[in-house]
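Protein chains in written order, with the working numbering: chain R, 1 to 357; chain P, 1 to 169.
Be aware that one or more of the hints could be misleading.
Claimed, not checked - BS3-like mimics (lysine-lysine), calculated; alpha carbons at most 30 Å apart, straight line:
{"hint": "1", "chain 1": "P", "residue 1": "Lys111", "chain 2": "P", "residue 2": "Lys96"}
{"hint": "2", "chain 1": "P", "residue 1": "Lys153", "chain 2": "P", "residue 2": "Lys131"}
{"hint": "3", "chain 1": "P", "residue 1": "Lys50", "chain 2": "P", "residue 2": "Lys96"}
{"hint": "4", "chain 1": "R", "residue 1": "Lys66", "chain 2": "P", "residue 2": "Lys107"}
{"hint": "5", "chain 1": "P", "residue 1": "Lys28", "chain 2": "R", "residue 2": "Lys208"}
{"hint": "6", "chain 1": "P", "residue 1": "Lys131", "chain 2": "R", "residue 2": "Lys66"}
{"hint": "7", "chain 1": "P", "residue 1": "Lys50", "chain 2": "P", "residue 2": "Lys111"}
{"hint": "8", "chain 1": "P", "residue 1": "Lys154", "chain 2": "P", "residue 2": "Lys131"}
{"hint": "9", "chain 1": "P", "residue 1": "Lys107", "chain 2": "P", "residue 2": "Lys131"}
What the hints assert, rightly or not - Simulated DEER-style distance windows between Cβ atoms:
{"hint": "10", "chain 1": "P", "residue 1": "Glu138", "chain 2": "R", "residue 2": "Gln44", "range": "24 to 30 Å"}
{"hint": "11", "chain 1": "R", "residue 1": "Met109", "chain 2": "P", "residue 2": "Ile32", "range": "48 to 54 Å"}
{"hint": "12", "chain 1": "P", "residue 1": "Met141", "chain 2": "R", "residue 2": "Ala62", "range": "50 to 56 Å"}
Hints listed in this document are in silico derivations from the structure and should not be mistaken for laboratory results. Built from N, CA and C at the ideal position, the CB exists for glycine as well.
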Amino acid sequence: MLLLQVDTALVLEKIILITVILMGSLGIAMYATWAERKVAAVMQDRRGPNRAGPLGLLQPLADGLKLFFKEEIIPDRSTRFLFILGPCLAMLTATMTSAIIPWGPDYVMDNGHVVSLQVADINIGILFVFGVVSLGVYGVMLGGWASNNKFSLLSSIRAASQAISYELALGISLIALLMLTGTLSLREIVAQQHGFWDNGYFTWNFFKQPLGFLIFLICTFAELNRAPFDLPEAESELNMGYHQEYSSMKLGFYLFAEYINMFISSAILSTLFFGGYNFPFMDQVAAAVHPLLFTLICVGVLLTKVVGFILFFMFVRWTLPRFRYDQLMRIGWTSLIPLALANMLLTGIAILWIFKS
Amino acid sequence: MKLTNRSVQIDRSPMTFSERIYLPSIAKGLSITLSHIFKKKATVNYPEQKRPFSPVFRGLHVLNRDEEGRERCTACGLCALACPAEAITMEAAERKPGEEHLYREEKYAAKYEINMLRCIFCGYCEEACPKDAVYLSETVMPVSYTRDHFIYKKEDLLIQHPKKQDSGK
Numbered sequence: 001m002l003l004l005q006v007d008t009a010l011v012l013e014k015i016i017l018i019t020v021i022l023m024g025s026l027g028i029a030m031y032a033t034w035a036e037r038k039v040a041a042v043m044q045d046r047r048g049p050n051r052a053g054p055l056g057l058l059q060p061l062a063d064g065l066k067l068f069f070k071e072e073i074i075p076d077r078s079t080r081f082l083f084i085l086g087p088c089l090a091m092l093t094a095t096m097t098s099a100i101i102p103w104g105p106d107y108v109m110d111n112g113h114v115v116s117l118q119v120a121d122i123n124i125g126i127l128f129v130f131g132v133v134s135l136g137v138y139g140v141m142l143g144g145w146a147s148n149n150k151f152s153l154l155s156s157i158r159a160a161s162q163a164i165s166y167e168l169a170l171g172i173s174l175i176a177l178l179m180l181t182g183t184l185s186l187r188e189i190v191a192q193q194h195g196f197w198d199n200g201y202f203t204w205n206f207f208k209q210p211l212g213f214l215i216f217l218i219c220t221f222a223e224l225n226r227a228p229f230d231l232p233e234a235e236s237e238l239n240m241g242y243h244q245e246y247s248s249m250k251l252g253f254y255l256f257a258e259y260i261n262m263f264i265s266s267a268i269l270s271t272l273f274f275g276g277y278n279f280p281f282m283d284q285v286a287a288a289v290h291p292l293l294f295t296l297i298c299v300g301v302l303l304t305k306v307v308g309f310i311l312f313f314m315f316v317r318w319t320l321p322r323f324r325y326d327q328l329m330r331i332g333w334t335s336l337i338p339l340a341l342a343n344m345l346l347t348g349i350a351i352l353w354i355f356k357s
Numbered sequence: 001m002k003l004t005n006r007s008v009q010i011d012r013s014p015m016t017f018s019e020r021i022y023l024p025s026i027a028k029g030l031s032i033t034l035s036h037i038f039k040k041k042a043t044v045n046y047p048e049q050k051r052p053f054s055p056v057f058r059g060l061h062v063l064n065r066d067e068e069g070r071e072r073c074t075a076c077g078l079c080a081l082a083c084p085a086e087a088i089t090m091e092a093a094e095r096k097p098g099e100e101h102l103y104r105e106e107k108y109a110a111k112y113e114i115n116m117l118r119c120i121f122c123g124y125c126e127e128a129c130p131k132d133a134v135y136l137s138e139t140v141m142p143v144s145y146t147r148d149h150f151i152y153k154k155e156d157l158l159i160q161h162p163k164k165q166d167s168g169k
């Protein structure tokens, strides 16, 4: 009986956590669309949205409402089931990866009950992300293929080959990091980066793997289909890209999934390389404040890092022009993969000679 | 042939290593966009804030009145003659006794129309007018859904009576 009670509490706790994370990522994705337009405007000496509400803050709501009220068109010659499945898959895979990110340190209640701010601490950890991310290609692929439109098909083929090409470099650059941490669990990886400075060394992985981080970052851009790697959406070449035949909220789902992906990728980048919820002098802060407040501060720190990454993504998008497709493939296969391999080799040598001797 | 002194000789030497790895250029680009964050906005909040027109701006036509509110136009037809787009048509009429407060001269325009779909806003009518009657104002033409609305009649073109305007408000 006791076992059952504990279980229901755990399930309830997880359900609340999942709801909060889901709502949070939806909210952040919503306001990322607003922020994107605002960032672009500021960089181009414009004002950006400023009509709906103060500073245009109600703009995402207005956009969403507009998308819901638009006519929904499913092309006659499309494969109807797959056509609808496409955006659903994109949205599903976008939200699924948030499950393994540790959003904050464990909060120990007064009665000794430990609340974990991670939905699932699975021991395959980061591999789960890779699995789900590679599933995300299906969303784009199915959408483009089921549209029965040659431009969409071309664009989805581009998207798929781009995602597959860059996933190699992404994986290899991560292996170097995993060799250092010795674990796949994201909770462990974050715990190893405790604080900022320890025993005369930086604890954050960014300082141990700068090249790995760079490769990982570039590949993340490619995986997110974001400029300068946004070839699947090259409207000047492919009309609109894989979502050309989509209208109303199904199109909205595709665009929205991209922003959720951006949020989750930023969270993963901060977790893997920038210490997750760790921040300098966190031990002193932990001693000074109430544990609940400390947990919230940690969540805030992680979110700050995430927002920083999101802004960086936008920053790059509005600066760089799009690559040509052959350039994109050349960067992926002849630059990033060898670099990632070299980085892995160097890390191996460093581990063998410095840490083991 | 050198047309301006701004032309630059293209450097076709092979790219250096720092150019080939591309990242310094990216950093440079990012710094350019970053600097734009602190620059003054070039846009104005349109409906609340309007930019002044340039002094040579040629907008919608007006038919002028004199100080007493009489129409200046005498339907001489010089504006229609000067118009390269042939947008102006008019019909003249003779002033009857008792209408001196309405029209300045013995002849006046009973009908005066400008087809704004043909008009190219060249301002020749304004130049041709010997009576200072037709002017191009500093207003932008309002939009419309029907073509009829773009044929501006006399009542659309005449500016308001200076005396009646005061009392009317």
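Now for the hints, and whether the structure bears them out:
no., hint, result
1, Lys111(P) / Lys96(P), "16 Å, holds"
2, Lys153(P) / Lys131(P), "19 Å, holds"
3, Lys50(P) / Lys96(P), "45 Å, violated"
4, Lys66(R) / Lys107(P), "58 Å, violated"
5, Lys28(P) / Lys208(R), "25 Å, holds"
6, Lys131(P) / Lys66(R), "54 Å, violated"
7, Lys50(P) / Lys111(P), "34 Å, violated"
8, Lys154(P) / Lys131(P), "17 Å, holds"
9, Lys107(P) / Lys131(P), "12 Å, holds"
10, Glu138(P) / Gln44(R): 24 to 30 Å, "29 Å, holds"
11, Met109(R) / Ile32(P): 48 to 54 Å, "51 Å, holds"
12, Met141(P) / Ala62(R): 50 to 56 Å, "30 Å, violated"
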